[in-house]
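So the chains spell out like this:
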Amino acid sequence: MESPGPATPRNESRGIDASALLAFAIRFIGVAAATYLGLLAVTFFIGRVIPIDPVLAVLGDRAPASVVERTRREMGLDLPLVQQFYLYLKSVLAGDFGRSVLTTNPVMDDIRRVFPATIELATLGTLIGSVLGIPLGVLAAVKRNSIADQIVRVVGLIGYSVPIFWLGLLSLLLFYAKLQWVGFPGRIDVAYEYSFVPLTGFYLVDAAAQRQWEVFYDVLRHILLPASLLGYVSLAYVSRMTRSFVLNELTQEYIVAARAKGLSEARIIWRHALRNAAVPLVTVVALSYAGLLEGSVLTETVFSWPGIGLYITNSLQNADMNAVLGGTVVIGSVFIAINLISDLLYRLLDPRTNAQ
Amino acid sequence: MMMGQAVYQPRRWLVGITFLVLLMLPAITFAGTPIGTLVEAFALDEMITMDPGEAFELSAAEVNANVYDLLVRFDLTDTTKVKPDLAESWTVSANGLTYTFKLRSGLKFASGNPITAEDVAWSFERVVRLDKTPAFIIEQLGLTGDNVTERAKAMGPDVFALTVDEPYSPTFVLNCLASTVASVVDKKLVLDHLKAVAPNDDYRYDNDFGNDWLKTHTAGSGPFKLREWRANEALVLDRNDQFWGEKAKLSRVIYRHMKESSTQRLALEAGDIDVARNLDPNDLDAVAKNDEISLSSAPKGTIYYLSLNQRNEKLARPEVRQAFKYLVDYDAIGTTLIRGIGEIHQTFLPKGVLGELEENPFKLDVAKAKELLDRAGLKDGLSVTMDVRSGQPVTGIAESIQQTAGEAGVKIEIIPGDDKQTLTKYRARNHDIYIGQWGQDYFDPHSNAQTFASNTDNSDDSKNQTLAWRNAWNVPELSKQTEAALLEKDTGKRAEMYRHLQKEVLDTSPFVIIFQQIEVAAVRSNVKGFELGPSFDTNYLGNVAKE
Chain A
38 MESPGPATPR NESRGIDASA LLAFAIRFIG VAAATYLGLL AVTFFIGRVI PIDPVLAVLG
98 DRAPASVVER TRREMGLDLP LVQQFYLYLK SVLAGDFGRS VLTTNPVMDD IRRVFPATIE
158 LATLGTLIGS VLGIPLGVLA AVKRNSIADQ IVRVVGLIGY SVPIFWLGLL SLLLFYAKLQ
218 WVGFPGRIDV AYEYSFVPLT GFYLVDAAAQ RQWEVFYDVL RHILLPASLL GYVSLAYVSR
278 MTRSFVLNEL TQEYIVAARA KGLSEARIIW RHALRNAAVP LVTVVALSYA GLLEGSVLTE
338 TVFSWPGIGL YITNSLQNAD MNAVLGGTVV IGSVFIAINL ISDLLYRLLD PRTNAQ
Chain B
59 MMMGQAVYQP RRWLVGITFL VLLMLPAITF AGTPIGTLVE AFALDEMITM DPGEAFELSA
119 AEVNANVYDL LVRFDLTDTT KVKPDLAESW TVSANGLTYT FKLRSGLKFA SGNPITAEDV
179 AWSFERVVRL DKTPAFIIEQ LGLTGDNVTE RAKAMGPDVF ALTVDEPYSP TFVLNCLAST
239 VASVVDKKLV LDHLKAVAPN DDYRYDNDFG NDWLKTHTAG SGPFKLREWR ANEALVLDRN
299 DQFWGEKAKL SRVIYRHMKE SSTQRLALEA GDIDVARNLD PNDLDAVAKN DEISLSSAPK
359 GTIYYLSLNQ RNEKLARPEV RQAFKYLVDY DAIGTTLIRG IGEIHQTFLP KGVLGELEEN
419 PFKLDVAKAK ELLDRAGLKD GLSVTMDVRS GQPVTGIAES IQQTAGEAGV KIEIIPGDDK
479 QTLTKYRARN HDIYIGQWGQ DYFDPHSNAQ TFASNTDNSD DSKNQTLAWR NAWNVPELSK
539 QTEAALLEKD TGKRAEMYRH LQKEVLDTSP FVIIFQQIEV AAVRSNVKGF ELGPSFDTNY
599 LGNVAKE
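Chains as they are written, first to last, in my numbering: chain A, 38 to 393; chain B, 59 to 605.
Take the hints with a grain of salt, since some may be wrong.
[As the list claims (entries may be wrong)] Derived BS3-like pairs: lysine-lysine, alpha-carbon spacing no greater than 25 Å straight-line:
no.	chain 1	residue 1	chain 2	residue 2
1	B	K551	B	K409
2	A	K215	B	K347
3	B	K305	B	K160
4	B	K305	B	K586
5	B	K317	A	K215
6	A	K127	B	K253
7	B	K141	B	K305
8	B	K347	B	K139
9	B	K426	B	K372
No lab work stands behind these hints: they were computed from the structure.
So that you can see chain A by itself, here it is in the shape it has in the complex (with noise of 0.2 Å):
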């Protein structure tokens, strides 16, 4: 028998009617598009503005000054700022973000390349991070104010107030120099650097569909180091959110009653508390999932890992602002995507929502 909690995670109305349904894509589309051009329009005149000469960017320092003028009308910078906006808008429309100054690819191309490095490494630090900090805060929650409460808030808090470059590389002196344990900075070994192949960018996913063991352990070796230490990061919060939430849960009237009723602890805790508290739970993992997709640069630069933090960051430095440009937009969409998506569970998972 269910207990009868003002939230219980038995689902009666799963029918989303169709006129909500359109109303919500509509909003969304609406929102979204609106959201792009400001990020666009935001970036571009950031862009514009920093004191540095784009032109710089593309011709170094000693470059003559006939050159310079050239490539300056070239780049179309001789043209009112909101000219070169609206040409900038409306290739993007046609779908071209132009090139990258620093790699010559186009910066779609760039994206695609290292993207997939982050979203790897990002997914695999997630799941570390909510594999381990759930149950951790769920004890935590239980058990407060005990020594494992303690010890795992000290544990949160270094994750949370250790600088992580700092940590990796700790990290990097004992696992890597020392025990040998994980690979070199990188994401594969050089051994195998031109004797593999990738697909689709994800070297784990890569290396298991086309059999090649050795190559997938190598990976694992590599990823393992920097995806701990994200994942980490990720416990830490993730740990501390879910005991306020679980402890939330357990002053509820519906586990008195389910007590009183004499159902086991473990069920209690595990079926109903948690249950209730993943709903804000799953905003928490997916904000921070979130952020690791945005890059994490102190990360990526520590690890040598080609990622799109590690992109973004040289490019803004260098004034690459088509790489810049390009690489926000892409993030902006992963950003309103997780929020979508995040929006989209938490209607699956709390009955409440969809009876509005």
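Given chain A, put chain B in place with the hints provided.
Just chain B now, with coordinates in the frame of chain A:
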């Protein structure tokens, strides 16, 4: 209420943790890098193109020096001279205007195409007509888009003639031809990869001379050929088995982009890379103690200096210019901040260049500086700003100068900035004091003489924006002397003229030249024959071997 231990089902997540720990256990460890492959860790983020007609970055120059051949190359036993490369001999006409090169016969590019005088002529044509950043090095010999096909011409299958516009010193002409921009490109191969462009007022040709393709491909005849370059990740060279000289000992060289000194050090110590190229002084000290690692170093053509903008009325006073030269603690900087990566050097020609002058007369002397400031009417000192390119060792040096100058009553406010941001301000002449580095454009004294001692037009829209111009240092007399040295045929006399120019600049200029860069590489001991040259385009890989 029951609160039994079984409640938290610890076994389930224990299994999870155990599984993760198991994954982390070591198994097969791959000791070292593959045989026959050299792996270098190198900060490659500045690399934006591989086209020798366009690239002007030091890392690209190094790669291209191993991929392309030139007509003549620097003689590493005496870098004031050049030696034959693709040209086996050359003559200069009596009027000093025409240089005729006889090419070695029967040579092939990496593609298998024969190397002919036609390829040489076309290489000059594409550089001049593309007119990218480094093109001025050969354009300054009088070549323009209109005359290049006449003045740089194949006179036969293996005879190439270059006609210059003034009777320049032959050392100057040959030194220009020994720089990367004059690399000989495989015409037949590149013609297959032309991209059509619409001509306009700025660019009057209907194709890109293969520029787009050559950004990421190579078409050379050197000991290596480019296999792949992934920006900010890696660059891979394979041996060119068609190479006409002694074949490279390595079959592959991989440059891996790694920016962090500490990461490079860890990878080097673990044997996952063979060479670390960007270690900072602390990491260099640490690896020097390792028996399996040795250091290789060479002075490079980059000098670090600070300069005073002469548009600031106070900094323009001659005594103030002098005073600043006494306000730098050269000894302290040399023994701490640049230990191992630079040596104190106060003249504008780097060591190894024709006409170098080994004179470092200035020492920290606060009393003397105070006296000079006093004479300049600045008894109470002055306040100025200093734009500093972020990163070491420049930041440390700026702080050291801030402190020593403070002792003489000169208050310096440091404005730290990203490289390109600081440069943008410097190039617009909006600074008070700038501190940073300057790498010579090509290996001839004229390169640095022109930038430090010549300013032919001090107006804001000058076509000739040298460093002297950037600091608004108006020196018509020195500019004339710089031009004169260019036409001096006698090498000994030419060198003497540059020594004179350096003394003038040392004494009176708004430049306080502090040190010359030394490049240091940390190399694992199973790598043999790794030697750095006096410039990045002489860091050759052909003789490097691995045991």
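Any of the earlier hints contradicted here, and which numbers?
Hint 8 contradicted; others consistent.
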